[in-house]
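Build the full structure now, drawing on both the sequences and the hints.
There are 2 protein chains.
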Amino acid sequence: MSNHTVKSYDAEFSELDRLTAEMGGLAEKLLADGFASLSRRDPGLAATAVVNDRVIDQLERNLQERAILMIAKRHPLADDLRHVMTVLKIASDLERIGDLAKNIAKRALAVSNENHPKELMGGLRHMTELAARQLKDVLDAFGARDSAKAMMVWHDDARLDALYNSVFRELLTYMMEDPRQIGLCTHLLFAAKNIERIGDHTTNIAENIHFLVSGQFMSDDRPKGDDTATVMPGRITQG
Amino acid sequence: MSNHTVKSYDAEFSELDRLTAEMGGLAEKLLADGFASLSRRDPGLAATAVVNDRVIDQLERNLQERAILMIAKRHPLADDLRHVMTVLKIASDLERIGDLAKNIAKRALAVSNENHPKELMGGLRHMTELAARQLKDVLDAFGARDSAKAMMVWHDDARLDALYNSVFRELLTYMMEDPRQIGLCTHLLFAAKNIERIGDHTTNIAENIHFLVSGQFMSDDRPKGDDTATVMPGRITQG
Numbered sequence: 001m002s003n004h005t006v007k008s009y010d011a012e013f014s015e016l017d018r019l020t021a022e023m024g025g026l027a028e029k030l031l032a033d034g035f036a037s038l039s040r041r042d043p044g045l046a047a048t049a050v051v052n053d054r055v056i057d058q059l060e061r062n063l064q065e066r067a068i069l070m071i072a073k074r075h076p077l078a079d080d081l082r083h084v085m086t087v088l089k090i091a092s093d094l095e096r097i098g099d100l101a102k103n104i105a106k107r108a109l110a111v112s113n114e115n116h117p118k119e120l121m122g123g124l125r126h127m128t129e130l131a132a133r134q135l136k137d138v139l140d141a142f143g144a145r146d147s148a149k150a151m152m153v154w155h156d157d158a159r160l161d162a163l164y165n166s167v168f169r170e171l172l173t174y175m176m177e178d179p180r181q182i183g184l185c186t187h188l189l190f191a192a193k194n195i196e197r198i199g200d201h202t203t204n205i206a207e208n209i210h211f212l213v214s215g216q217f218m219s220d221d222r223p224k225g226d227d228t229a230t231v232m233p234g235r236i237t238q239g
Numbered sequence: 001m002s003n004h005t006v007k008s009y010d011a012e013f014s015e016l017d018r019l020t021a022e023m024g025g026l027a028e029k030l031l032a033d034g035f036a037s038l039s040r041r042d043p044g045l046a047a048t049a050v051v052n053d054r055v056i057d058q059l060e061r062n063l064q065e066r067a068i069l070m071i072a073k074r075h076p077l078a079d080d081l082r083h084v085m086t087v088l089k090i091a092s093d094l095e096r097i098g099d100l101a102k103n104i105a106k107r108a109l110a111v112s113n114e115n116h117p118k119e120l121m122g123g124l125r126h127m128t129e130l131a132a133r134q135l136k137d138v139l140d141a142f143g144a145r146d147s148a149k150a151m152m153v154w155h156d157d158a159r160l161d162a163l164y165n166s167v168f169r170e171l172l173t174y175m176m177e178d179p180r181q182i183g184l185c186t187h188l189l190f191a192a193k194n195i196e197r198i199g200d201h202t203t204n205i206a207e208n209i210h211f212l213v214s215g216q217f218m219s220d221d222r223p224k225g226d227d228t229a230t231v232m233p234g235r236i237t238q239g
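Protein chains in written order, with the working numbering: chain A, 1 to 239; chain D, 1 to 239.
Treat the hints as calculated values from the structure; they're not laboratory data. Warning: the hint list may mix true and false statements.
Each pair may be met inside one copy or between any two copies, as identical chains are not told apart.
[Stated by the list, open to error] Under the rule of at most 25 Å between Cα atoms (straight-line distance), these lysine to any residue pairs were calculated in the SDA-like manner:
no. : residue 1 : residue 2
1   : Lys29     : Asp57
2   : Lys193    : Arg125
3   : Lys73     : His210
4   : Lys73     : Phe13
5   : Lys149    : Asp17
6   : Lys136    : Arg159
Written out as structure tokens, the structure reads:
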């Protein structure tokens, strides 16, 4: 952290961090509520998630306006400018995470009258737990400016991708065994994809924490373990 | 456009616009190639799309670095600062469009050996044509700083969403009629969703052009016509 002579300048930076942490807390809540509303078929909780997503959107807009004002009034240089720009990017990823979690909740509205078997939700539950822990860890890493912790999150995204691959295959198998489940399983497939993408945005945040702390961009080689886009459909039918 | 006394300052703004336009052109090509590789089952073209997506990523990074340097060295104010910040956001949406188009191409690798009936691709082709026209129009609107044209794109996104809803239902019906098509149709469902999301990012760009030209944020009420997330699976089985 730079050594600012103007006290209120520091306060403005703290406010950016505070808003980012507030967005992060809401994103965590949205992810938990999104899954819970889908798992419990709870339209009321799904509606709450939709409202909370708007709060995150508003927080991001608030943060963007403050950041632009800071740049315009304070002309931050070097580390300070990197701080402002990186927080803007992290906020953008948190906004996307909120959006994806809201989309999971919206699928709860679609399946609220379906009697979906418990085993269908097991994989999604596991994915949600992993994504939630990754999100919590990356937010902790942001608060502590802990680049090593951020890198752990970055590497662990491969586990979430592997889990997504297995859930993807499992859901396709259910659909083939019982075509009456196709509508329901399609919604669960999209929900699983949303959680996998939440993991990607969490990974982006980890990269930005690394940049914030070190001033260096990471290499382009992100851990990409989701290979369902290249799964041969033929293979599934043999399962 | 502000009246700058320093010639090279204008040149730096032009360079930001040029890089954005270059990203836009590549995004258009990626969308076309993504669909073509899926439709023609062309793994070679899909591989080209993956490479071009990396070029877009690199262009965005280049643009970001220039923008940060400009802010640090030039301290742009008011309209100029809005210009820089808005171009960064538009570049971010173009990067996402490239990413989504690349994902469509990657699904081409998954279905390259499948003999998919022509009628399955009709809806996707129609979606791609509409999304491509929207993207072209929004890039023209950016070049001409044409807020009215950007607003037309913004409103027309509802048409793409409606088309997505109909493709979604159609693919679910195919899956129910012939469970052997489930694997293939799942990939096409995700491809359709990717195109629908390309439309959302195009809409974001339209909003940012409005902000760039007018200095005013648009209202939060974006046209959201994708209601498949709340389609009751039960209804599909009656179709």
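A quick look at each hint next to the structure:
1. Lys29 x Asp57: within (14 Å within a copy, 31 Å between copies)
2. Lys193 x Arg125: So Lys193 and Arg125 pass the 25 Å test inside a copy (13 Å) and across (23 Å) alike.
3. Lys73 x His210: Intra 27 Å, inter 24 Å, cutoff 25 Å: inter-copy only.
4. Lys73 x Phe13: both (13 Å within a copy, 21 Å between copies)
5. Lys149 x Asp17: within (18 Å within a copy, 37 Å between copies)
6. Lys136 x Arg159: within (16 Å within a copy, 38 Å between copies)
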